[in-house]
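> The hints should help you fit chain X onto chain Z, whose structure is shown.
Spelled out from the first residue to the last, the chains are:
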Amino acid sequence: MEKAEWQIGELRLRADLVWALAMSSLKVRMGRAFITGLTIATTTAFMMYLLTMPYADPNAPFHDGVAGMMGLRTDRDAGEVQGFLLMFVMALLVAAAGVLNTMLMNVSQRYREIGTIKCLGGLDRLILFSVLVEAALLGLVGAGLGVIIGLAISLLLSVADYGGAFWSHVGFGGLPLKVIFVLLIGMGLTTLGAAIPAQIAAKMPPIEAMRGEK
Amino acid sequence: MSERNPLLSGRPLRSPDARLDATAAVDSGHPDARAEQLVKGGVDWFADLDRQVDQTVMTSNVSKHYRMGEQIIKALDDVTVNIAAGEYISIMGPSGSGKTTLFNCIGGLTKPTSGNVFIDEIDVAQLDANELAWLRCRKIGYIFQSYNIIKVMTALENVTLPMLFAGLPGDEAQDRGVEILGRVGLGDRLLHTPKELSGGQQQRVAIARAFANRPAIILADEPTANLDLKTGEEIIMLMKEMNREQGVTVICSTHDHKMLAQSDRIIWMEDGRIKRIADRDEVKITVSQMSDHQ
Chain Z
88 MEKAEWQIGE
98 LRLRADLVWA
108 LAMSSLKVRM
118 GRAFITGLTI
128 ATTTAFMMYL
138 LTMPYADPNA
148 PFHDGVAGMM
158 GLRTDRDAGE
168 VQGFLLMFVM
178 ALLVAAAGVL
188 NTMLMNVSQR
198 YREIGTIKCL
208 GGLDRLILFS
218 VLVEAALLGL
228 VGAGLGVIIG
238 LAISLLLSVA
248 DYGGAFWSHV
258 GFGGLPLKVI
268 FVLLIGMGLT
278 TLGAAIPAQI
288 AAKMPPIEAM
298 RGEK
Chain X
5 MSERNPLLSG
15 RPLRSPDARL
25 DATAAVDSGH
35 PDARAEQLVK
45 GGVDWFADLD
55 RQVDQTVMTS
65 NVSKHYRMGE
75 QIIKALDDVT
85 VNIAAGEYIS
95 IMGPSGSGKT
105 TLFNCIGGLT
115 KPTSGNVFID
125 EIDVAQLDAN
135 ELAWLRCRKI
145 GYIFQSYNII
155 KVMTALENVT
165 LPMLFAGLPG
175 DEAQDRGVEI
185 LGRVGLGDRL
195 LHTPKELSGG
205 QQQRVAIARA
215 FANRPAIILA
225 DEPTANLDLK
235 TGEEIIMLMK
245 EMNREQGVTV
255 ICSTHDHKML
265 AQSDRIIWME
275 DGRIKRIADR
285 DEVKITVSQM
295 SDHQ
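So the protein sequences, as listed, match chains Z and X.
Numbering follows this note's numbering, in which position 84 of the first sequence is assigned residue number 171; successive positions increment by one, without gaps.
Numbering follows this note's numbering, in which position 262 of the second sequence is assigned residue number 266; successive positions increment by one, without gaps.
In case anyone wonders, no lab produced these hints; they're calculated from the structure.
All C-beta atoms, glycine included, are put in the ideal place defined by N, C-alpha and C.
Heads up, a few of these hints could be off.
Unchecked claim - Negatives, chain X to chain Z, calculated, CB over 10 angstroms:
(1) M72
(2) I76
(3) T114
(4) N134
(5) E161
(6) D175
(7) G186
Unchecked claim - Sample of chain X residues at the chain Z side, in silico, Cβ under 7 angstroms:
(8) Y70
(9) L113
(10) A133
(11) W138
(12) R140
(13) C141
(14) I154
(15) L165
(16) P166
(17) L168
(18) L172
(19) G189
Pulled out of the complex, with its shape left as it was, chain Z reads as follows (with noise of 0.2 angstroms):
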């Protein structure tokens, strides 16, 4: 493909954009942002409470791998183990099925304004990432809280079961790698929510886009 000897220029990113977009985006929409962090709030406090409920158990030592992440006792049967991860992948799934929607939704509704920005100019990677942080960030506090909220109920009911003898017991090494383990998957979630319906519209013609088709 011979491409003559045009003057045409080429733009460049901003990073500065990206975030100034995401950001403007999340303020205008607080109230559709909350709804969306709390469905993730919701699930990801559950996956955390499941990560952490061994903590009732005052016996219950510490160990490596998938099982030990997951606060198992390895001495444990394997049926114990299969149902423990079991329960996990449910919620990783429910929150799957919650947190794609709700992205799903919030970026299909800007069809139009996705059009206009890219008749105003804006690059598809500009419409791309500034989608993509804004979900991420959103994971972030979203999964954030949940962690919070799971942990709190987990320790909550650790104490109501044992009492005070329950703080002699427990460990909190394995805590930190099971934080960002939830965070992560909070993040990943809304981030691949988004992506999909971001990625179609970014594509998109701009006047397809603008008359809110897909």
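Frame of chain Z; chain X shown alone:
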């Protein structure tokens, strides 16, 4: 595409900034002289192509077909038109005549099924996504029937956005945004959101936004259709003033014959084809002849 448009061979290629120089030259002399010179000869632009050095938009045999079930709808059927730099063109035609489709093809908002669109000698079909974004950002300003102001942003933010896309630093974009909003009569509405603005004011924001990057071409698709007559006329006058001051090519579609007075040439469309192209003066004659017969 290795094949270059034969109409373009041997013509000097211009940098985007050359247009500004040309504009300045016109501004210093008679603002209308250049437009008049370009309009002369009107319809018959095939006759002396060499004269049309400054044409901005050229479509050659552009067609756009949509499939609707078994049927193929020809939204645009073999449209060839040349538009000179600095011209103010009105496109008339009933709804469904292909006006909007022609706009979208010219503006790089949709791809024609066949044929080529050239903007400043650049074949739009050959541009990649980034170059298209550049074209939309720097070369073309869009004005829509339904304003399409970004709802979640203030008037000033809407106007600065394309300048930021173009790479202008924030404070410069802001200064120019304030200046240009003042120019369209919204100096006291900078921080209002679309909700707080009337339709006419929103369309003014859209005009300011379209002119923000000093584009070569303004594409206005029925900009007055949602406005009352007086506001509509104000919007048209504003576009005409910008056209005169900055030498921007304006292509504007409308239903309303009253809006034609400002245009240099008028293109009538019907069933996806160009039915007629005429100079403004010719149209006046036609109208008076018609009234004689009555």
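> Quick check: which numbered hints come out false for this structure?
Hints 3, 4, 5, 8, 18, 19 not satisfied by this model.
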